[in-house]
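Participant: Chain residues, written in single-letter form:
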Amino acid sequence: MNFQAILDSLPKLLSGTVLTLELVGVSLLIGLLLALPMALMRVSRRPLVRMLPYGYIFFFRGTPLLVQIFMIYYGASQFEWIRESALWPILREPYWCAIIAFALNTGAYTAEILRGAIQAVPRGEIEAARAIGMSLPLAYRRIILPQAVRIGLPAYGNEIILMIKGSALASTITLLDLTGMARTLIARNYLPVEMFLTAGLIYLAMTLVLTQLFGALERRLGRHLRPHTG
Amino acid sequence: MFELQGFGDQILLGALMTLQLAAGAVAVGLVLGLLGASAKLSRSRLARAAAGLYTTVVRGVPELIIVLLIYFGTAGMLTALAGTFGHQGYVELSPYAAGVTALGITFGSYATEVFRGAMLAIPRGQIEAAQAFGMGRWLTFHRIVLPQVWRIALPGLGNLFLVLLKDTALVSLIGLEELMRKSSIAIGFTKEPFTFYLLAAIIYLGMTVVTMAGIHFAERWANRGLERSRT
Chain Z
273 MNFQAILDSL PKLLSGTVLT LELVGVSLLI GLLLALPMAL MRVSRRPLVR
323 MLPYGYIFFF RGTPLLVQIF MIYYGASQFE WIRESALWPI LREPYWCAII
373 AFALNTGAYT AEILRGAIQA VPRGEIEAAR AIGMSLPLAY RRIILPQAVR
423 IGLPAYGNEI ILMIKGSALA STITLLDLTG MARTLIARNY LPVEMFLTAG
473 LIYLAMTLVL TQLFGALERR LGRHLRPHTG
Chain G
27 MFELQGFGDQ ILLGALMTLQ LAAGAVAVGL VLGLLGASAK LSRSRLARAA
77 AGLYTTVVRG VPELIIVLLI YFGTAGMLTA LAGTFGHQGY VELSPYAAGV
127 TALGITFGSY ATEVFRGAML AIPRGQIEAA QAFGMGRWLT FHRIVLPQVW
177 RIALPGLGNL FLVLLKDTAL VSLIGLEELM RKSSIAIGFT KEPFTFYLLA
227 AIIYLGMTVV TMAGIHFAER WANRGLERSR T
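For the record, the sequence lines run as chains Z and G. According to the numbering used here, the residues represented by the first sequence are 273 to 502, in order. According to the numbering used here, the residues represented by the second sequence are 27 to 257, in order.
FYI, nobody ran anything at the bench for these hints, they're computed from the structure. For glycine and all other residues, C-beta sits at the position ideal for the given N, C-alpha and C. Mixed in with the good hints, there may be bad ones.
[Unchecked claim] Just the calculated beta-carbon pair ranges, DEER-fashion:
1) Z:Y328 / G:R74: 39 to 49 Å
2) G:Q36 / Z:E397: 55 to 65 Å
3) Z:G327 / G:G109: 48 to 58 Å
[Said to hold, decoys possible] Just so you have them, the derived chain Z footprint on chain G, three or more residues with Cβ under 8 Å:
4) 90-100
5) 196-206
Chain Z extracted, bound-state conformation (with noise of 0.2 Å):
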C-alpha cells in the first residue's frame, strides 16, 4: 500500500467530495420539489389523478440510474429539434445531466416514500381536523403533512444515502466527482488499489455521518411520543 500517494491525492480527491456533495444536495432539493405534488397526487381519491404520476414514477424506479444519465445525457442529442432549442446549452452539459437524471431519479423514490408516509397518519386525526373545520389545504399544513415527515424520515435518510452512492455514476458522463477524481488519478499513477480504497472510505465517512445525523433528528421529531422517564 503507497501511503504516500493517498497523502498526495487527498486535497483532489477532496475538492471531488466537494462537487459530490454538490450535485446530491441540488438533487435532493429538486426532487423533493418533484415529490410533493406527485405523493399529493398518488393519495388522491380520483383514481385517475392517482395513476397519473405513476408513470413516471414506475419508469424510475424499474430501471437502472446508469440508463437514465445516459437517456439524458447522450440520448437528447438526437433529436435535431432539442439540439437547436433554448434547452440545448442546459442538456449538453454533464453537469446539468446528471442533476436532471439525479432529481427525476430521487423524485420518483420520494413521492413513494411521501405518499406511504401520508397514508401511515392516523385517519381520526385527519376526520377530527375536518371535524372541527380545517379546509384540506389547512389540515395538510397542520396535521398531515407535520407528520408525515416524521414517519417518512428514516426511509428518506435511506435515500439520501443511495443518492450519495449513486452519485458516484456522475463519473461515467466526465464529471469529476469523487470517484471520477479517484479514476482520473489512477489513469496517471496506475494506484487503483489505494485510489479507490480512499474514495470509498470518504463515502463511507459520509454515510455515516449522515446515518448518525438522521438518528439525532429522528429521535428529536419523536421526543413528543416516548414515555416520560424519572
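Given the structure of chain Z, go ahead and fit chain G onto it with the hints provided.
Facilitator: Only chain G this time, still in chain Z's reference frame:
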C-alpha cells in the same frame, strides 16, 4: 416504433448476459448473506465484529466503486500471485467474474441483514425443542432454521433482487457485454442513443415486472398452508 437496424439479436444476447450476471451474483450473495447472518448471531465476538465490518463498509460505499475496485484492484494481486507460481505476464479477472464477485458481495451485505432478521423471527422454543431431541447445531440449522428462514426472508430478498437487477448495468463499465454495453455498441454504429437506451430501459422494466410477478408467486408458494395474518 424501434428501428433496430439489425442489432436486435445483439441486444437480446446482452439481455441474456444481464440475467446470467444477476443469477451468478445472487448465488454468491446468498451464500455470503447466510454466512454473514450466522456470524452476526454467533457467540464469537470476532465473527460478530467481522460481519459488522462487512455490512457497514460494503453498504456505505457506492456499488460502482466496488465493481471498479474488484476489477482493477485484483489484477495487481492476481498477477503477483501468479508470479510466485512462475507465471509470466498479466493476470486479471474476466469482467464477468469481477461483476459476479462485486455484485455478489454487495447483495450479500444487504442479504446478511435480511437473513439475520429472519433467523431472529424463528421462535426460540423450536430451537430448544430441536436441541432437546438431541439435534446438533448444524442439524438444527439445516432442518429447523433454514427451511423457515427462506419463507420469512423471501420478501426482503425479492427487493434486493430488484436492486441487483438494476446494478448489473454498472458491470457494462468494465466491458462485460451485457444489455447496456450491447446498447452502447449498437449506438456507436447507428448514432441513435435515445432509441437504444430507451429500448434497454424498457427491457429492464420488463425484467422488473417479471421478477415482481415471480416474487409474488414464490411468496404464495412459500406461505402455502399458512394462514395469512389479517389486520
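Participant: If you test the structure against every hint from before, which numbers come out violated?
Facilitator: none
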